[in-house]
Every structure is written in C-alpha cells, then in structure tokens.
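Asker: For the record, the sequence lines run as chains V and X. Position one of the first sequence corresponds to residue 3 (my numbering), numbered consecutively onward. Position one of the second sequence corresponds to residue 77 (my numbering), numbered consecutively onward.
None of these hints come from the bench; they were simulated from the model. Warning: the hint list may mix true and false statements.
Stated by the list, open to error - Selected chain X positions facing chain V (Cβ under 7 Å, derived; list incomplete):
1. Pro119
2. Phe136
3. Pro137
4. Pro146
To be verified - Covered, in the sense of this in silico footprint (three residues per stretch, anywhere, with C-beta under 8 Å from a C-beta of chain X), are these stretches of chain V:
5. 21–33
6. 38–49
7. 105–117
Note that beta-carbon positions come from the ideal geometry of N, C-alpha and C, so glycine has one too.
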Amino acid sequence: AQSVTQPDIHITVSEGASLELRCNYSYGATPYLFWYVQSPGQGLQLLLKYFSGDTLVQGIKGFEAEFKRSQSSFNLRKPSVHWSDAAEYFCAVAGVLTGGGNKLTFGTGTQLKVEL
Amino acid sequence: DAGVTQSPTHLIKTRGQQVTLRCSPISGHKSVSWYQQVLGQGPQFIFQYYEKEERGRGNFPDRFSARQFPNYSSELNVNALLLGDSALYLCASSLAEGAGGYTFGSGTRLTVV
C-alpha cells in the first residue's frame, strides 16, 4: 500500500527566505505525486503535480518540486517566501483502486509560518 | 465556471443522529471522491464514484455510504454519528476516474456533540 511521509510538522521561515518542504513516498510503481495547499477553513488547492517526464515540476504561486526516484522524494521549494504563503501543505500520492478508480494518499501535512 | 460546491458549509449534530452531505462537481466532471480530514491530519479517502458506480471505498465502517446521481452530483451519508466523526469532509471532482487532476471543494465542517 502506498504511503506519504512529511517529516516536518511545523516550519517557520522569514519573508523573502527560501523554502523547502520535504516529502517521502512509498509506492510500488511509477508514482503520480501532488502538492496541495490548504488555508485555514478552506479546501485543498493544487500547487503542482508530477506524472512523468521532467523531474523538476513548476507549479502555481512560484512553487516547484523535484522528483527523485532514488530517494523516493518529492520536495517542494520556493526561492522567496511571501507572507501569504503561510498555510498547511500536503504531499499526496495517487494509487489505483481495485474497482478501477484512483485515490489520493496524503501525508500529515506541514504547517508553514512566515515571519515578517 | 463554478468550482466544486459543497453544502452545508457547517453542521452540528448529536451522537447517534444521521447526516447527509452534498457535493456538486465541476460541470463536465464525471467522478466524485469523498475525503475525511480530522483536525491536525491529512485527508483520508472514503469513496470514489464514477458514472454513478462506486469505484472504491476506503477503510471506513458501513455507517458511511454514498451515491452519485445522473447529474453527477453526490451525497455522503453517515449514520449513527460518533464523536470521532467530527471532521472536515471534502469532496473532489475530476473529469474521469484517473488521478489526472482533482479539484477539491471547500468542505463541510461536521461537529458531533
């Protein structure tokens, strides 16, 4: 069964500093990987996704992520954090259901705080 | 274009009661999935429906059930509510049953007292 580990529960960075959020996955085949962001009381917004091809994926809001098969990682990065980036970030891997569909398995999330 | 719409946004129920949550997918999307997000945790998969058929079920008790209607909207029902059912319930829609792209709604916050 697939799983996702986000080792950092909380991260605090200063505005303008760079950011890296870690994600490790476990999946038997080539994974479909996602990063979502969730603001308080809101649903999940897709930042970026990796299916195949170029291992460096660009997303919205200036985020990027790099897929490293050898390390089973899909870390999220941003060169310069803005105060509005404060939110909770979830990494997810897609898995096939026996009925033919797909489900997402999420990590426990990383809460990002931005200091002004 | 309207996104994924969920209703109600907030709900308070008493233990033992039953609740129905509703979801309208993005126009043209035929797949709807339901997730439960307990405070401080990541979302957990409950159900996926595609073309009105159940495609998969997560590790949830039979008190949880769902269905999808001909217009692709969906309902999630939870019977005999427990305190532990208090959570944010998220609906996600996609064009097909694959994982190509899920769009999530803002969720229904269920509180069981």
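Asker: Confirm or reject each hint.
Answerer: Verification of the hints:
no.	hint	verdict
1	Pro119	holds, 5 Å
2	Phe136	violated, 12 Å
3	Pro137	violated, 17 Å
4	Pro146	violated, 19 Å
5	21–33	violated (count 0)
6	38–49	holds (count 7)
7	105–117	holds (count 7)
Violated hints for the displayed structure, listed by number in ascending order: 2, 3, 4, 5.
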